[in-house]
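Asks: Letter by letter, the chains look like this.
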Amino acid sequence: MTALPAAELDAHSRPLMTGAQAVVRTLEDLGVRRIFGYPGGAIMPVYDALVGSKLEHILVRHEQAASFAADAQARLTGKAGVCLATSGPGATNLLTGIANAYMDSVPMVILTGQVPSSLMGTDAFQEVDVFGMSLPVVKHSMIVRHAEDIPATIREAFEIAEEGRPGPVLVDLPKDTLQANMAFDRAEAAAAPPVTRADADSIEAAMSLIQAARRPVLYMGGGIALGEAVDAVRDFMARTGIPTVATLKAIGCAHPDAQNYLGMLGMHGTRAANLAVQESDVLICCGARFDDRATGKPDQFAPNAKIVHMDLDHAEIGKLRGVDAAIRGDLRDALMRLDTGYLAIESWRTLCRNRKQEFAFSYDAPGSGIYAPGLLKELSETAGDTFIAACDVGQHQMWVAQHCRFAHPENHLTSAGLGAMGYGLPAGIGAALERPDSKVVTITGDGSIMMNIQELATARRYGVPIRILLLDNASLGLVRQWQELFFDQNFSEIDLYDNPDFAEVARSFGVEAFTIHSRDEVPGAIERLLNATGPILAHCLIDPRENVWPLVPPGKSNTEMMED
Amino acid sequence: MHNIRIQLAEREGALVRLLSNIERRGFIIESLDKTAAQDGVTAVAACVTPRGDRSLDVLTRQLSRLFDVMDVHTPVPAHMASHAMPPGEPSCRHPQ
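Protein chains in written order, with the working numbering: chain W, 6 to 569; chain U, 10 to 105.
Everything labelled a hint here was simulated from the structure, so no lab data went into it. Heads up, some of the hints might be wrong.
Which residues of chain W face chain U? A partial, calculated answer using Cβ under 10 Å [claimed, not checked]: (1) Lys144; (2) Gly169; (3) Gln216; (4) Asp318; (5) Leu325; (6) Phe492.
Heads up, the beta-carbon is just placed ideally off N, CA and C, and yes, glycines get one too.
Make the full structure from the sequences, and use the hints.
Replies: Shown next, in the form of structure tokens:
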């Protein structure tokens, strides 16, 4: 492509450049350092402009991995991750990652090439209507029709992705727009939007309910980390002494050793957490959304509780559960203003703490085989406060949630809302590139890793310091568990007996790898993993019959927990 | 059946985003009217029926957070339109 020299100016002293050069220049101006992508026909002008730019481009081996890696980077930084792909199949391959970001409220800007404007709507080669296809899973989306609109559109995309409740924003870029010449107007980053403060009446109403409660429970959700309210919620817990539970996304919000923290609630939650919620008389939902995996049967969830719902997004309030007091606004501000004092609920606190002890997980599984929950507990404790887990989806994901320690919620990278197998490896790559000095571990299964195993090549190419812990039970374990328990052991298409030798596969990509079979090999494996400086894979063979406990059966109340 | 009126920025894709949200959030669009844009703003009036017991009040808030939507108005008394739930009740029941 022939680009105009950057030094050439128009009559208003604005630099002349192509639309593609404006894309790159705008990303640089907005402070973007790294983008994840894969080139192709319609996006080629941007790849042409990338050469010599300040942006670090990470070439993944499948566009879905670009979206997952950008997602992980965004979760760690709070700033929009950026992914880039061409039109048609490049764009459709991003959709799962876009949906993942939407479901977990992750800020992301997605740039897609598009066929030239004159061909849009004609079923041209590699044309899909990604704007239309992505509508249900984006916070917002735009098609840029004129090159001169590129800087402002991309700046607006970042603002929308990051403000309020974050989410993915797609910008579709027709090729002719990228190739057109334009005068460049610098896109300055906008000032941070003002904090939305909850009104005083709603704070008062909530305080009255909480102060009158005899069995209050704080139910924390992902909105706490998104709203940078972790310190505020820890302070609230300490000031009130309130028993507290967490959703999958809120793990790490409470200090793991906090006395009144009872763990995760819901389908694979702790018995102490679920019983506390079910018996509560006031439930303070803070940045959570009454997701069905957390509530179980909705009309039997916390059946006697009055509900205080705190959320920045007013559309979440009353969506699945009526409320007695609604606090709409910035969570950090609202938590600091909930000045209830230390709650006089000593017998309730004692009951919750006693249950926490009584129903604590035990790690004395019989036999000499690798016990995955014990391995994960030991791994996270050994790694310490810089431990970052990038989970895939399945039994291992739930074991991580149950048994690992997290110092901060952003250290627990998990596909919570979408439950997308294949997230773990690219998310781990995104995380390790962002936090090379942390102990980033992708925790995956033999089903999940095969969904994006090609990204071993990306890890190898960039020397990413990622540790991969592959828990191999030669089956799709969580599906097998449900078939065992709820489908009369009618096992259907879950047997992965013919998996490849994963250590050999990793080595063929140039990634260090080893296999362990027994429990006595675990300490050495953890040490080897954590001391690695480049990509490494530990292939751990575990018992295929192992299940995740406790478990609330689908459609049941959270009091009906099944145990081993 | 409920009437709902929306002021919408006249941008590419704004109308289809609005309509797909109404349907995805559990409402049938029974009738629809749209004015020509004036100063970049168009008015959409729809008559909608919930599938099941979805709340119109929640729908209006879900629509109002869309970036192309400038205002959402339900021209009936709020206590009739909102499907207001008794506090503590689940607002929609999932098939088990």
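Asks: State for each hint whether it applies.
Replies: Hint by hint, here is what the structure shows:
1. Lys144: holds (8 Å)
2. Gly169: W/Gly169 check passes; min Cβ-Cβ to chain U is 8 Å, inside 10 Å.
3. Gln216: violated (18 Å)
4. Asp318: W/Asp318 check passes; min Cβ-Cβ to chain U is 7 Å, inside 10 Å.
5. Leu325: At 6 Å from the nearest chain U Cβ, W/Leu325 passes the 10 Å test, so the hint holds.
6. Phe492: Interface hint status for W/Phe492: violated (16 Å vs cutoff 10 Å).
Violated hints for the displayed structure, listed by number in ascending order: 3 and 6.
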